[in-house]
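*Asks:* The residues making up each chain are set out below.
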Amino acid sequence: MAVAAVLPKLVGQRVKRREDPRLIQGRGTYVDDVKIAGMQHLAFKRSDIAHGRIRSIDKSAAEAMEGVEAVFTGAQIAEFLDPMPIGTPFPSPEHRAVAVDTVRFVGDPVAVVVACDRYAARDAADAIEVDYEPLPAVVDPEAAMTGQSAVLHADFPNNVALGPLPSGTGVGRKGAVDDTAVEAAFEAADVVISQRMVNQRLAPSSIEARGVVAHYEPGREALTIWSSSQNPHILRTFVSRMLGLGEDRVRAIAPEVGGGFGAKINIYGEEYVAAALSKRLGLPIKWIEDRSEAFLATVHGRDLIAYVELAARRDGSVLGLRMRIIADIGAYNMLLTAGVPTNSMTMANATYAFPAIRATLTEVFTNKTPTDAYRGAGRPEAAYFVERAMDMLARELAMDPAELRRKNFIQPDQFPYKTHMGAIYDSGDYEKALDRALHVSGWEALKAERDAARADGRLVGLGLSMYVEICGMGPSSTLPPGGWEHSQVTVERDGRISATTGVSPHGQGNETTFAQMLADQFGVPLDHVTIHHGDTAVVKQGIGTFGSRSQAVGGAALHDAGTKVKAKMAKFAAALLEAHESDLVFENGTIAVKGAPASAKPFAEVAAYAYRPIRLPEGLTPGLSDEAFFEPKNNTYPFGCHIAMMEIDRETGEPRLSKMVAVDDAGHLINPLIVEGQIHGGLAQGIGQAMIEEVAYGADGQPLTASFMDYALPRASDFPRFELDNTVTPTPVNPLGAKGVGEAGTIGSTPCIVAAAVDALSVFGVRHLDMMLRPEKLWRIIQDHESARSFDA
Amino acid sequence: MISTAFEYERATSLDDALAKLAAAGGAGKLIAGGHSLVPLMKLRLSEPTVLIDIANIPDFAGIREADGRIEIGAGTTHHDVAISALLRARCPVMAEAAAAIGDQQVRNRGTLGGSLAHADPAADYPAVMLALDADFHLKGTNGWRVVKAGDFFQGMLTVDLAPDEILAKVTFAPVRAAAYAKLHQRASRFAIVGVAAALAVSDGTISSVRIGLTGASSSPSRLENVEAALTGRDATAGAFSAAAGIAGDGVEDLNEDIHASADYRRAMIRVFTRRALDGALARIAG
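Which chain is which? The protein sequence lines are X and W, in order.
Residue numbers for the first sequence follow my numbering, beginning at 1 and rising by one.
Residue numbers for the second sequence follow my numbering, beginning at 1001 and rising by one.
No lab work stands behind these hints: they were computed from the structure.
Worth double-checking, as some hints may not be accurate.
One side of the interface only, derived from the structure: several residues of chain W facing chain X at Cβ under 8 Å [to be verified]:
#1 G1034
#2 V1038
#3 L1040
#4 S1188
#5 A1262
#6 R1266
#7 V1271
Where a beta carbon is used, it is the ideal one built from N, C-alpha and C, also for glycine.
My request is simple: use the sequences and hints to build the entire structure.
*Replies:* Written out as C-alpha cells, the structure is:
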C-alpha cells in the first residue's frame, strides 16, 4: 500500500475560506435566486408619514391593474394573521405586520399587493391611495418621556416601553433598590466625571437586503419558506405558530445570506405576510426588499443615550459608576428589541473591579424604525459609555489612559468573576492584553509622535480603550429560544464526512472552521468534510448565528457529535484490527494501532465495514452517525485593547484615522485568518460608527438618511492598515477553549477612536465628543477657539 | 431596479440618437453610463418611457489633442479621463477631478457628458469646465452649436441643452497650471465644495486666472472677485491666501443639508480656493 502523505493538523492554521470561490464567482444561491413556477411577487405600500391615523385606503386603481392578483389592506390581513409575537419576556403593544388603523413610522406597511412580477407589484403599490390624519411625530426620546409629546401606544403612557429598570449594586431579587453603597462611593470621591453621551442610531446595511419566498403546498399542508435569515430554526418556530401549522409541516431555509449583522435575527412582518398569503392563495410568493425599503423597514441598531457618572479617588481608583440609559427603540418591539439594551447594563462593569455600580434603563417608543440587534447589540454601547468615562477621568487626573485602566482591572486570579451586574466573567487577563497593545502599537513612541506633531500646530490625538464583551450566547436560562446548539456528524459509507450544524453562517466561515475541526478529529483531508447548514429539513435542530456563538456553542456541539462518532468508529476499527479501541490512532486517512503503522486500515474501509458489518461486533449497531446538543454553562467573555491615532484637519475639521491597533483575546483560535477577517469587518463597522455613520430624522419624523447618498458606509479608503495581534486566554466554558470573535471589532473600537479625536482637540479644552465625528462639528470647535484666539490678540 | 416600464433602444450614431429622441416625443431619455439617470429611475423620480442608449456610438468616447486644443468625447468614462496620459501631461486638473468622482465602480461606468448634461450641483467636472473655459459642442437636428461652459450651466439641474440636442464633446485649451481641490461628502463622495483653479503666469506675475466653484450652491459659478483680485499680482502663496479670503463672498443661495451648513460651506470655499490655487502653482514649479 502506498504511504499516504502526512496530513497536517488544521486547527490553528490560516486555512482560506472554502465558501469564497463560489461567492466571489457569483455562484451562490440567494433567496432572490429561488424561482418557482406560478410564483407571485409582493410589494408593500408603506407609510410616508411618521405618525398618523389611516382614514381610508383606496385600492381600486391598484386592483384594476394588469398582472395584479390581489391587494390587501392591513385590516384585511388582520382577519387571518395575528399580531406579531416578540422574543423577549417584556410587555409589548399590539404590532400588526401591516398597520390596521395607525401608522407609527415612515416605512410602516399599510397595504400589500400580490402581482405577477416585481414591477407590476410596485406599480400597483404606487397606485394605492391612502388618506391619513397626521399626528404629531415623537422624535426625541427624552422629550417623549415627559408627557408633553404625543403617545404612540395608548397602553404605554409617556411612551415608556420599559423601565426604569434598575441593575447593579444593591438590587434585590424583586427589584428593591438599596443605593447606600453607590451613594457612599460618590460621597467619598475626590473626582466625579459626569457626561451625557449618545450612541447614535445606525442602519445595519447588509449588502444583500432581506428577502423571502414562501411556498405553501395545499396537498401536503406544508410550507417551505426561504428567507435571508440568521436563524432558520427560530424562523420555523415563529412562522409555524403564526400560521397554525406544526413545526413538522414547516421547512425553513436560509440559503446564502449576504450579511446580517444581527438585523436578520428578527422575524419580520414581511415573512409572516408572505407565508400567510401563500397559504391563503395557494401560490408561491416572493418578496425582495429593495435598498430604499431596507433603510426604513429593516431594524436599526444602537440609539442609546446615557448619563454617565464616575466617582474616583485622585490616585485613579474608581469608587463607583452611575449610568442612566435611555434607549430610543423606535415604534415597536421586534423580536429582541427590548432585550438588546439590557446587554448595555449587563456590561457596565467592563474590565474593572468597580466597587459599586448603579445602572438604570428606560426604553422609549418614538416614531422611528424599530431597533433590534446590530453587531455587538448592547455591548458596544456599554464599552463606549464606560471607556469614554474612563478616558475623561484619565484626562481629569492627567494620568496615562493605560495606567488608569491598569489600576482598576479585575485581576487574573479573581476569575471566574461575578460582577455587580450579574454576569460571571469566565476567564480573563486584561493587563496582558493591555501590555500587548501598548507594545504592538509602540505606545510611548506614538505619544512622542503626537507631541511632536502638536508642537508643529497639527491636531493629532491618541486613544486607547479596553473592552470585555459577551459571546457564546448562552445558557438556555438567558435565551428564550434556548441557548444550546446542535450538530450531527456522519461518516458516510465512502469515508467522507457530512456534518450538520444548527448555526447558520452568513459570513462567519464555519464551512471552513468546522471542517478543519473534523478533519483533525478524524485524521482525514479537509476536502473530505462537508458542513451543511441553514435548512431545517437537513439540520434537525438548531438556534442560529448571533451573539458570536457559532464557534463557542456550535463548534462545541460539533466537537461532541464528532467525538461520539469517532468512538463508535474506533469500535469497528478495533474489530477489524483485532486491537483494543483505546490503542488506535486516526491519522493520514487511516486508522492504525498505536506504534504499528503497518497495521493501518484506510479510513474508508472502516467506514464501509460499519455500513455492511458482515460480523457485527458485540453491542454495536450499524452506521456511523450521531448527534449532540451542547448547552454551555455560561457565556464567554472575550476582551481586548484597541488603540487609535487620528489627525484632524485644522482647516476643514476632517478627521483621518492614521492608526488602528486591535489586540483581541478570543481564547483558542480555530482559524486565525478567519478571525482576522471577522475583526477587520468589525473594525470597519466600528470605525463607521465612530466617524461617518448615523441615521438621522427630521423633527417631523422623516428620515434624512434614507439612501447611501446620505448614509455613509465606510469604504476601504477610509481605513488605515489594521494592525492586529492577540493574546490567548482559553475559556473553561466549552471543550474548545474558544470564546467567539464576530462582534469584537465593533465593541472595542469606537471608544478609542473618539478618545483619539478628543485628544486631538484637547488643546482646545475638549473633554468629550459625541459620535459620529462630522467634520463640520470638529471644524466649529476649532473655529470657536481660533476666533477666540484672534479676538484675544 | 424597480423603475416604471420603459422601452430600450440603442443608437448607432448621433443622428440616429437624435432621430430616436425625436420619435420618443419628449418622453425619451439618453443613457450612457446611467450613473445619474438610473438612481433617479430607481426612486421613480424620473420615469422616461424610452431609454436611448448612446454609449456605443462610434467615436463618442475618446480623448485627443488637435490644433492646440483637447477634445474629450461626451461618452468618455470618468475612469478613462482619470487615467489619460495625455491629460495627465497636458492638463492634469481634468484627470485629477475625474479621479475624485465617486468610487472606482462609478468611474468605470459614468461619463463626462452624462455628468455635465445632468448638472448635479455637487458634480466635480463643472468647476473644471469653468476654470478651463471649455466649449461644449452640441449636436442638434439642425446641426452643431457651441456653448461656453459659463453659459451652459444655468441653474439647479438646468443647462443650455435643447430637448433635441446631444452634448457630443467638450474642447478646451489645455492648462498645465491648474488644479482641483474638493471636500468630499462622505456618503456620496460628491463635492460639498469643489474648486478648480487655472493659472497663467508670466515672469512670476498672474496674467490670468479662472476659478470654478461647484457644490456650494444650486449651480456652478466662477469666483470672479477672486480672479480680479489676483490678476496682475505676483503668484505667491501669500497672494493666494489673501485672495481666497474673499472667495464665496457674493455667492448666493449656499446649499445647506445634513452634511454641511451654509456657514461651513462658505468657509470651505475659502479653504479649497486657496488649496486649488496652491495646487495650480505647484504644477508650474513642478
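*Asks:* Each hint should be assessed against the structure and marked as holding or not.
*Replies:* Here is what the structure says about each hint:
no.	hint	verdict
1	G1034	violated, 15 Å
2	V1038	violated, 13 Å
3	L1040	violated, 11 Å
4	S1188	holds, 4 Å
5	A1262	violated, 11 Å
6	R1266	violated, 12 Å
7	V1271	holds, 5 Å
Consistency with the previously given hints fails for numbers 1, 2, 3, 5, 6, ordered from lowest to highest.
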